[in-house]
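K.L.:
Sequences and hints are given; from them, build the entire structure.
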Amino acid sequence: MTGKVAQLFPCQGGGYGFIESDDGERLYFSAHGLQMSSVQFCYLQVGDRCRFTAIDHPKGPRGIEVFVADSRQGSLL
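Sequential numbering from 483 applies to the sequence shown in my numbering.
Quick list of the computed label-pair ranges, beta carbon to beta carbon: (1) H539 - G497: 14 to 22 angstroms; (2) Q517 - G495: 17 to 25 angstroms; (3) D538 - Q494: 27 to 35 angstroms.
Simulated from the structure, these hints should not be mistaken for laboratory data.
Keep in mind that this is a model prediction, so the values were computed, not measured.
Cβ coordinates follow ideal geometry from the N, Cα and C atoms, glycine included.
P.N.:
Structure below.
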């Protein structure tokens, strides 16, 4: 799935935030869910485009395996 970073909550050693998918669903994600080749959490910005896997979780939908391309690298796909 694809979407954009909608909200960020940085904290020491990581952080978490929310992704808004292209179909309008809001999903939780954590810094630990970012792919190694992705931009580091501390450099993320609201509005950054991302690619992710959506899963169901008892506390609500989550985005895992989140990949955010560096804007200098170009396309996500």
